[in-house]
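Chain by chain, the residues:
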Amino acid sequence: MGRLVSLTEAAGVIGDGDHLSLTGFAITRNSVALVHELVRARRRGLTVSQVIGGMETDLLVAGGCVDRLIYSGGSLDRFGSLNAVNAAALTGRLHLTEYSSLALLLRFHAGALGLPFAVTTSMLGSDLLPPLIDGGDVRTGTDPFTGQPVLFLATLRPDVAVVHADVADADGNCIVSGPTWSIRDTAFAARRVIVVAEALAETGSLPPDAVVVPAAIVDTVSIVPHAAHPTAVYGRYNFDREHLEFYMASTRRGEAGYADYLDRFVYGTADHAGYLELVRSAA
Amino acid sequence: MTATPPSPPVTWTRGEMLAVAASRFVRDGDIAVIGLGIPQVSALLAKRTHAPSARLLLEIGVFEPDPVEPAMGIADPVIWRDARAFGGMLDVLGYMLHGGRVTLGMLGALQVDPGGSINTSLVRAADGTVRRFNGSGGGNDIASHAARTVVVIRHDPRRLAAQLEFLTSPGATVRGRPRAAFGLPGTGTAAIVTDRAVIEVRAGGALLAAVHPGEDPAAVLADTNLPLSLSPDGVATTSQPTGQELRLIRDELDSGSWYTK
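Top line first, the protein sequences correspond to chains A and B.
Residue 37 in our numbering sits at position 28 of the first sequence; the count goes up by one each step and never skips.
Residue 331 in our numbering sits at position 40 of the second sequence; the count goes up by one each step and never skips.
These are computed hints drawn from the structure, not numbers from a lab.
Just to be clear, a hint being listed does not mean it is correct.
Selected chain A positions facing chain B (in silico; Cβ < 7 Å) [what the hints assert, rightly or not]: (1) 81; (2) 82; (3) 84; (4) 95; (5) 109; (6) 132; (7) 158; (8) 190; (9) 290.
The structure displayed is predicted, hence computed values, not measured ones.
We put the beta carbon where it would ideally sit given N, CA and C, even for glycine.
So that you can see chain B by itself, here it is in the shape it has in the complex (with noise of 0.2 Å):
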């Protein structure tokens, strides 16, 4: 008589979980600007999982690349390979994005406020000392353009602000204002993705509307700076990684753990 040996538990870090949760804002069919850090793991996977019809383009003007191993950014040629189109960026940031075509912008961020805006420009310390960072890129040009974004950011008080230090890139509403009153189309930045929570920009504010698993929402709101209502239709569990997911992470698209450690 053979036994099936009890299968191990499946365990995965915070930042994997936040790759598959951002990964499933991917549809299928979604014409999609990726940033740099974790929405490259998050798209490629999506596009290796449930979403394989999605066009995935870089700024730096690569059309729907399909890299096998993990990428220091998108000036890094490992994520270039096997690439449908080369161009340059007016292709992408001008012609795809300017010009309506996207559907989908993805989005890292240092802060991100209630109304989805993003600063990835400069933060404070209590002193007053100013420290500075990568600044726009292509990121304003992806939140003012994409027909919807997808912020993807680790769960920290100081990152999920009320109040941005700076306004790089503009949300659903840009302080408070909606984004169609200083001329901006679409609907800007729909959800917030963390580590810990999925939260949704909505006109009336930010919502609660999932906590990965293993997470209690009154814990997850003490940790989060930006007003946070919780879902009237009450507070959603993410879906765990599959197997496949975390397989993908592991063995390809970030076989180091640069990002999802």
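Same shape as in the complex, but just chain A (with noise of 0.2 Å):
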């Protein structure tokens, strides 16, 4: 059983360059504790790919790792924008490239099953189309069947994608409870799958019908309670309030705003347990 590591060594699975899958939610079930890691270790150049973006991804390109972004579109819901996303954007420091939600959705479909590309009439007329088109991962094509317009969409296989889940075994079987969204596209798509989960059971004793990601696609399991922490995992805590308010105050500071909240909450501390005890002492 050599699947249990700990999280700097599911970080480091994830090597400079690499394209990186992330599978939280805006607000919800986020890898906040491995993208700290990453933040700490400061890995570069890394394409990532999410179909909602949320605070790890801002966290991720305030920490100067990520080069690219593919999404569709993301935020702190109410709390607000991706700040950090959309400043490192307009300075062209970071790639964006922009779907709809089901179109890169799609694409994880199709590189989970093996399909050369998927199919979809989504994006059809939108600004969001030329693009996508003059990046080359998107086509217009016609419907062989019918003669009606069609896009094709490229397949999308990331190196690593990251599941954050409820409960997992030493083996990877993962329970996600409520809803799912991208996060089994995504997972089977991708070539490894580190899972990080809040608490380990006896392998062998998780409910089958409750599994969302099985043991056979993952690679690594590393226990991390409170990982997805300032944002909420269904059933066990909610999002934290302050704090993200809090971070959305940093951000909308600039540059220097990332700065400061980096150096305190990701630098200044060692590790996920660090960081709980001093947001639990700054509150």
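Two chains, two frames, a set of hints: combine them into the complex.
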């Protein structure tokens, strides 16, 4: 059973220049603990793909780890926009590629299935389309049966995907409660899957009908309580309103704001337990 | 002798009027995908009042939630409360929406044009600097595939635009061309509901169909940058919010006044 590893070891699976897929959604189930490790390790040159960006995406961009982001937009819901992502895109430091949610999901889905491409009629007529065609991963075409316009979407296969689970066993079977948005399609598309779980279950003890990601596609498992803080995990803990508001206030100040936030909460803490302790004492 | 005390005058905010006016576009029996913001309040309000058989879906993978307090967005687990089923995005945006089963999309917008196309991506300031917002999310998919779409937006000349700075999601017409010409199904945006008026989107252009109580059609027109004609049947007045609608908004669906101020 070599799959149970520390979070630092898990972060080591992701190398400079790799294509990493994240699976949080806005203020829910973000792999914040793992992203902190990547920022601390000063990982560089990542391509990140994710259907809806959130806190983890913004942190990773603020930490200077990301060159390219493929997503369908994102936010911290009513707390505000992805300020670090938006600022880095405007200065050109970050290359952004934006899809509709379903179009990007279908690229992962085709990757998971081993299909050469996916087909959709989303995004037709929109301004999302021209830059995607220029980028080469989307082509206009016609349905060979009806002659109607369709879009062909290139398959997407990330090097590594991260899954946040409520509970996992040491082999990597994962319980993800609540809605599961892009988690399964993204995990099945990836060449390697890193699991970060809130708690460990005895192998073989998980109810099979509740397993969302099976051990058969998992490479590493790390157990990290409150790994998604300050985002929410359904049925376990709510988002931390105060901390999200503090993060938004910091990032609204621009470059100096992210630098202060990262110095204090990420570079200034040795690990996730230290970060949680700092958050508790600062509250 | 006891005199009945006069009932206090019913008053409401513009945001409450917006949520109520939009909710009336949800038909009983609709299968609706709802976007972030005021659409959350409007669709849930409809479900609690005149459209109890409407089935509301969230792109994150939630079927028929029944929340009793306001949520920070569709990723806030508060809004998933008492859902009938959980699934993934492929279930909602794929099987339900792309599969042609969704009858109504209800979406917020940064900007909307006379064809009902939506910008949720970016705006440019007068000096040319760009400000980026949330992007498409599932908004483009919803506007592309729902049989009809209702856009819910604050009445502001900058938001009700003749031309969009970025066309994130297609309307009934796309920069003047019918959406079918692009291969898009359905009729697209049927109405634009603001906190002052109801604008119907027709093949010939946008029509001022109704103004909300107390609003003057000429004043509404003067505050609108998208070309708008007056309805040939005359401009109606939206019926005012009922006590029940206001109670549901104030006590449950938006008890913090986050959306309907």
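Against the structure, the hints:
1. Hint status for residue 81/A relative to chain B: holds, with the closest Cβ pair at about 5 Å, below 7 Å.
2. Of the supplied interface hints, the one on residue 82/A holds, with its beta-carbon coming within about 2 Å of a beta-carbon of chain B, less than 7 Å.
3. Interface restraint check: residue 84/A against chain B, minimum CB-CB distance 4 Å, threshold 7 Å, status holds.
4. Contact between residue 95/A and chain B, as hinted, is supported at the beta carbon level, the nearest pair being about 4 Å apart and thus within 7 Å.
5. With a least beta-carbon distance of about 4 Å to chain B, the hint placing residue 109/A at the interface is held under the 7 Å criterion.
6. Taking 7 Å as the C-beta contact cut-off toward chain B, the hint placing residue 132/A at the interface holds, the least distance being around 6 Å.
7. Annotation: interface hint on residue 158/A holds; nearest CB of chain B at approximately 3 Å, less than 7 Å.
8. Among the interface hints, the one on residue 190/A holds; its C-beta lies about 5 Å from the nearest C-beta in chain B, closer than the 7 Å criterion.
9. Interface restraint check for residue 290/A: the shortest CB-CB distance to chain B comes to about 25 Å, outside 7 Å, so the restraint is violated.
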